[in-house]
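Asks: In the order they appear, the protein sequences are chains A and B.
Heads up: the first sequence begins at 217 in the working numbering, then just goes up one per residue.
Heads up: the second sequence begins at 450 in the working numbering, then just goes up one per residue.
Hints may be right or wrong, so weigh each one.
Said to hold, decoys possible - On the chain A side, residues computed to face chain B include the following (Cβ under 10 Å):
1) Arg425
2) Pro429
3) Pro514
4) Thr527
What the hints assert, rightly or not - Residues from chain A shown here face chain B by an in silico Cβ test under 7 Å; the list is partial:
5) Ser384
6) Phe386
7) Thr515
8) Glu516
9) Pro522
10) Ile531
11) Thr532
No lab work stands behind these hints, which were simulated from the structure alone.
Glycine residues also receive a C-beta, built at the ideal position from the N, C-alpha and C atoms.
If you want the building blocks of each chain, they are given just below.
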Amino acid sequence: MMVPACHPIATTHFQTANRGISTMFMKLTSGPAGSTRQSTMEGTGFADSRQQEAGAVAQRQTVGESFVADPRMTARDVAVYYGDKCAIRSISIDVGCNEVLAMIGPSGCGKSTFLRCLNRMNDTVPGCRVTGEIRLDGEDIYAPSVDVVPLRARVGMVFQKPNPFPKSIFDNVAYGPKIHGLTRTKAELEEIVETSLSKAGLWEEVKDRLQEPGTGLSGGQQQRLCIARAIAVSPEVILMDEPCSALDPIATARIEDLIAELRLQYSIVIVTHAMQQASRVSQRTAYFHLGDLIEVGPTERVFTNPRHRLTEDYITGRFG
Amino acid sequence: MTTHFTFHHALIKLNKMVLKMSAMAEDRVRKAATIIKTRDLELIQSLTNSDYEIDEMEMEVEEECLKILALHQPVASDLRFIIMVIKVNSEIERIADLAVNVAMRMQAILKSPHRVPTPYDYSGMAEKVITMLKMSIDAMTNRDVRLARQVFVLDDEVDAMRLDAYLKVKDMIRKYPEHPGQLINSYLIARHLERIGDRATNIAEEVIYLVEGEIVRCQ
Numbered sequence: 217m218m219v220p221a222c223h224p225i226a227t228t229h230f231q232t233a234n235r236g237i238s239t240m241f242m243k244l245t246s247g248p249a250g251s252t253r254q255s256t257m258e259g260t261g262f263a264d265s266r267q268q269e270a271g272a273v274a275q276r277q278t279v280g281e282s283f284v285a286d287p288r289m290t291a292r293d294v295a296v297y298y299g300d301k302c303a304i305r306s307i308s309i310d311v312g313c314n315e316v317l318a319m320i321g322p323s324g325c326g327k328s329t330f331l332r333c334l335n336r337m338n339d340t341v342p343g344c345r346v347t348g349e350i351r352l353d354g355e356d357i358y359a360p361s362v363d364v365v366p367l368r369a370r371v372g373m374v375f376q377k378p379n380p381f382p383k384s385i386f387d388n389v390a391y392g393p394k395i396h397g398l399t400r401t402k403a404e405l406e407e408i409v410e411t412s413l414s415k416a417g418l419w420e421e422v423k424d425r426l427q428e429p430g431t432g433l434s435g436g437q438q439q440r441l442c443i444a445r446a447i448a449v450s451p452e453v454i455l456m457d458e459p460c461s462a463l464d465p466i467a468t469a470r471i472e473d474l475i476a477e478l479r480l481q482y483s484i485v486i487v488t489h490a491m492q493q494a495s496r497v498s499q500r501t502a503y504f505h506l507g508d509l510i511e512v513g514p515t516e517r518v519f520t521n522p523r524h525r526l527t528e529d530y531i532t533g534r535f536g
Numbered sequence: 450m451t452t453h454f455t456f457h458h459a460l461i462k463l464n465k466m467v468l469k470m471s472a473m474a475e476d477r478v479r480k481a482a483t484i485i486k487t488r489d490l491e492l493i494q495s496l497t498n499s500d501y502e503i504d505e506m507e508m509e510v511e512e513e514c515l516k517i518l519a520l521h522q523p524v525a526s527d528l529r530f531i532i533m534v535i536k537v538n539s540e541i542e543r544i545a546d547l548a549v550n551v552a553m554r555m556q557a558i559l560k561s562p563h564r565v566p567t568p569y570d571y572s573g574m575a576e577k578v579i580t581m582l583k584m585s586i587d588a589m590t591n592r593d594v595r596l597a598r599q600v601f602v603l604d605d606e607v608d609a610m611r612l613d614a615y616l617k618v619k620d621m622i623r624k625y626p627e628h629p630g631q632l633i634n635s636y637l638i639a640r641h642l643e644r645i646g647d648r649a650t651n652i653a654e655e656v657i658y659l660v661e662g663e664i665v666r667c668q
């Protein structure tokens, strides 16, 4: 598809660079006549990204493809307030079945806030108010009749900081299946624990010390334990808030493989600051900026040819 | 403002390198056109002897691109810029080679003991090819998609000129069948000029990819 000339990205390309020391004016002799070729391009030639306040609202309309044909979850006009402060505004987006949706954006842009709306984790925050509508398989998760405990089993969550229960490694994983009544025998429970720990890439490291406290594991191992704990209750959707930020590259690769594997059965929404990770693991990417959903689209397109200038500036490191 | 200074300075440096190399290649094509007109043997020698400069520069640009890809994993417009540079780099190097080829064809014609009338006046074709190359480089310098698209029109005109030269050379071969080598060299000049035009068109296509993110091919 062609990008129209009036599109923010196209406009960006034709703007004149004006960025202090890094602005480069180049003069090259062109031909024997000595005519000059002057380039106002800086580096790639893409211009100053300072956001103009005027017209900022227009810039923040969501562009791209927010909705999918087979949504697992739908969010419509979702806004979150902490007291009087509006943290996110009018977010409308679908989470498709069997897809990984990556949410990226600078710190404080609202991506984690939105993530926490998807399994009502914001209910626990004093003064937090959520408006709009979020549905899981067509069912309004904010309806008064909805019990958040089974909801959070259906929409599991892995947090940025590992938070194992002060229990044994085995019990950390077994706790969910036990309270949700997913197993009838000890053997079944043991199988779930082993499968979940294996999928989280932790089994080989802990199989001989399952009764030791989960809190005694290293940070990376604790995080994998938390992933195993989320997997153990067979959720429909898994929310991941920077799940690999404490892991080494090998463990990160394992988790990314696991995410790809889990996608075949579940939907995954991942918040990450590692854009390479977003591009590796996700099928769609959503970019948030100052509480607005700026752009949603296929990951491949967002990382090669984003449609919104703010997305372009953020992923190329020119954001300011 | 948050910027990745190392990364963005590397892009600025790469941009400078590719523009400098483009200007050098354009200069060589102009010299090739002068050689066609003046048959200056010294200029032929100077052009063929200096080809290594562009070859070395091509390697430097390629190494710089690989370094940026490995160290910074660029995305979006930065990724498209690197991809454009990698492709344009190779086009520019080939353009400089083709300019040398034109000079060598002229040298072969001049060294030939036989003399047959020149079958085709290449000055118009050479000027058109230079214009195409200049437009492509200007489009790349200024990220000017409109100018890049104008190059496609000129490419058709240059192709028609090449065909015209072919027909004229064919006639001459019929008239002077005892000197095919000289006439074939003469036709190859048209062929080399046309290929320079094609490669200028390829550069224009890459400019459109850089700016619009669309892969286009001139038909």
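Asks: Given Pro514/A as an interface hint, is the shortest Cβ-Cβ distance to chain B below 10 Å?
Replies: 13 Å, violated
Asks: Restraint: Thr515/A near chain B, CB-CB cut 7 Å. Satisfied or not?
Replies: The hint is violated - Thr515/A has no Cβ within 7 Å of chain B, the shortest such distance being about 11 Å.
Asks: Taking the closest Cβ pair, is Glu516/A under 7 Å from chain B?
Replies: 11 Å, violated
Asks: Is the interface hint for Thr527/A satisfied, with its Cβ closer than 10 Å to some Cβ of chain B?
Replies: 8 Å, holds
Asks: Measuring from the C-beta of Pro429/A to each C-beta in chain B, is the shortest one below 10 Å?
Replies: 39 Å, violated
Asks: Tell me if the interface restraint on Ile531/A is satisfied: Cβ within less than 7 Å of some Cβ in chain B.
Replies: 5 Å, holds
Asks: With 7 Å as the cut and Cβ atoms as the points, is Ser384/A at the interface with chain B?
Replies: This hint is violated: Ser384/A lies away from chain B, its Cβ roughly 41 Å from the closest one there, beyond 7 Å.
Asks: Hint check: is the beta carbon of Phe386/A less than 7 Å from a beta carbon of chain B?
Replies: Violated - the Cβ of Phe386/A stays beyond 7 Å from chain B, reaching only about 40 Å at its closest.
Asks: Quick check on Pro522/A please, does its C-beta sit within 7 Å of some C-beta on chain B?
Replies: 5 Å, holds
Asks: Taking the least C-beta to C-beta distance, is Arg425/A closer than 10 Å to chain B?
Replies: Constraint on Arg425/A not satisfied, violated at 38 Å.
Asks: Tell me if the interface restraint on Thr532/A is satisfied: Cβ within less than 7 Å of some Cβ in chain B.
Replies: Given a least distance of 5 Å, the restraint on Thr532/A holds.
Violation of the numbered hints given earlier is confined to hints 1, 2, 3, 5, 6, 7 and 8; the remaining hints are satisfied by the structure.
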